[in-house]
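Novice: Quick note, the sequences are listed as chains A and B, same order. The end of the first sequence is residue 290 by full-length UniProt numbering, with every number in the run present. The end of the second sequence is residue 257 by full-length UniProt numbering, with every number in the run present.
Treat the hints as calculated values from the structure; they're not laboratory data. Source: prediction; values computed, not measured. It is possible that some hints are incorrect.
Said to hold, decoys possible - So, partial list: chain A residues that the calculated Cβ filter (under 10 Å) puts toward chain B:
(1) 24
(2) 43
(3) 100
To be verified - Stretches of chain B that chain A covers, calculated by requiring three or more beta carbons in the stretch to come under 8 Å of a beta carbon on chain A:
(4) 9 to 16
(5) 182 to 189
Here a beta-carbon is modelled for each residue, glycine too, at the ideal position from N, C-alpha and C.
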Amino acid sequence: MSMATSSSKNASYLPSQNPQRMQALKTFLAADEIVTINPTFSYKAPLDFLITQESIGPFEAGIDTNVPLWLALYLRKRNLCRLRCPEWMDVENLKQVLKHERDPQEDSFSKDLPFRYAEISRAILQACGAGRSAVHAGGSGVDGGEEIPQMEVVRVLLEDISMLRMGKIRDNIHFLSGVMGRSLEKPMPGISVDGMGSIELAGVKPFMEGAFADHFKIIKSGVSKGESGKTPSKRIASRIRGSRRKQVQEVDEDGLMEPTADDEDELMEPTAEEPEEEEQEGGRSLRRYR
Amino acid sequence: MSGSYYDIDEILAEEELIPVTNTLDFRHLAHLDPDYTHPTTTVQKAGKKRDLEEGTKFKMPIWSIQKWSQLGWLNVQLPKHFGRKAREKLDADPVSVDLRKRNERFYMSGISLVNLLQKQSQSLSRGKATQNNIIQKLKRESQQLKQCLLKTFTGARMRRIFDWTLSHIEDDVSAYTKKLTEMEQRLFERGALASHSLMLWKLYGTRRIHVSESALRSRILGNNVNTPGQKQSEEKRNAGKRTVSPEALPSKRIRAQ
């Protein structure tokens, strides 16, 4: 977990942050999400040794129970359960989402998908043998097709959705880039990132972070007052996070620019908040296995 | 000027040569201007040749003139590629301009220049020795330059870089990126790495996580005493332990109980 903490602490100032690591971390965190399974075994006692938020078990053959994804995948591998398709992974629902994403009037991301939809669906589909030939799918004894109805359709739909969403993110960033340099006087409008998936965020986060950091460097130029020329970057960073309002006033006095910096903070939110949340979650999952 | 003292990019960016005019005679400093020939060389004694007369135009790097410009000993002009014409060109078509040809660290130098002008105007206004219009001019220039930098960096250039990070994952992009400044290239590399690993994740899921570069570096630094052979074998032994995959984890978790 030290990986999680170190990456979130220096998130915006670490030049060599490893995106591969971020994705691995996100996949790991997604394994905490609750999914429904249909066990093929009975085990009456609840699983006390797994200290999770939700209680797990008891298991009864043929009766659906909720377990974390990682346990579900493990049981599925041992052929001890069938996975139940989550509601949002239903073909009808996915078609709705696709329609929403395709709608040119609609700027927002569909809210019908969970935050970690990409990780969960990938894990489930892989466990059920999507994308493999029929021979391989039957390798573990159970054919995934009966667990996830129209598995290939689901897979293709998810792929389309993620493509469309990436295009939307691109449009958003283009919009941002258009307004970022337009004027220093007017506040910068924000973009809505509600409903964006965690993997999608990871895909654009390094770029956005770098872009905002450099953008801020340029904005900051010429504003320094005498002694602040020697200000170490750490102090600047704390000022950015902490007393944002104060800083904006400071900038106002110079008459150079107004709330651009403030808005930037607002826009940074989706990317900047992300790792903190993960740190907490990471701590939780660490506790679980102690 | 805002980053660390040891920021290598800043040090390199401040190498940018600035055309300056001295406002007073510089005694014994004629070597600052290699092309300088004293107007009255033939008449003067040998010692006088080393003086730089008032009003000479010569070029100095940014880092060297910070104090002098604040004291008002120098009048600073903008280099050609930061001047008004160049800025107009950048405004008109930021994408096609080859910024790297002018200065590898165009933005960093620009930032240093803005700081320089701003500081100069501040200290001059404090000193009250000069006219108001010079200070106003300095302020205006620095603001315009800053606005131009901001517009160029965040505008169409950035949009194009972002599109490249998304689409040209496995192509040879050196033809595109060679026109970018250092700052933009770094941005591109970060973005491209992220979208590349996103693509890999979609294909293969979580795979083996490599040892972080900084960890490796610190290990190499820390184990200086060891022979290289020892280090290698150690790394080989540890290599197997660094595998993390979602499929493998659950079984480990349960066994650990």
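Novice: If you count the residues of the stretch 182 to 189 of chain B with a beta-carbon closer than 8 Å to a beta-carbon of chain A, do you get 3 or more?
Specialist: It holds: at least three residues are needed, and the stretch 182 to 189 of chain B offers 3 whose Cβ sits within less than 8 Å of chain A.
Novice: Can we keep the residue 43(A) interface hint, with Cβ of chain B closer than 10 Å?
Specialist: Violated - the Cβ of residue 43(A) stays beyond 10 Å from chain B, reaching only about 13 Å at its closest.
Novice: Examine the stretch 9 to 16 of chain B for residues whose CB is less than 8 Å from any CB of chain A, and state whether their number is three or more.
Specialist: violated (count 0)
Novice: Min Cβ distance, residue 24(A) to chain B: is it shorter than 10 Å?
Specialist: 5 Å, holds
Novice: Under 10 Å is the threshold here; is the Cβ of residue 100(A) close enough to any Cβ of chain B for the hint to stand?
Specialist: 22 Å, violated
Hint compliance for this structure: hints 2, 3 and 4 are not met, and every other hint is.
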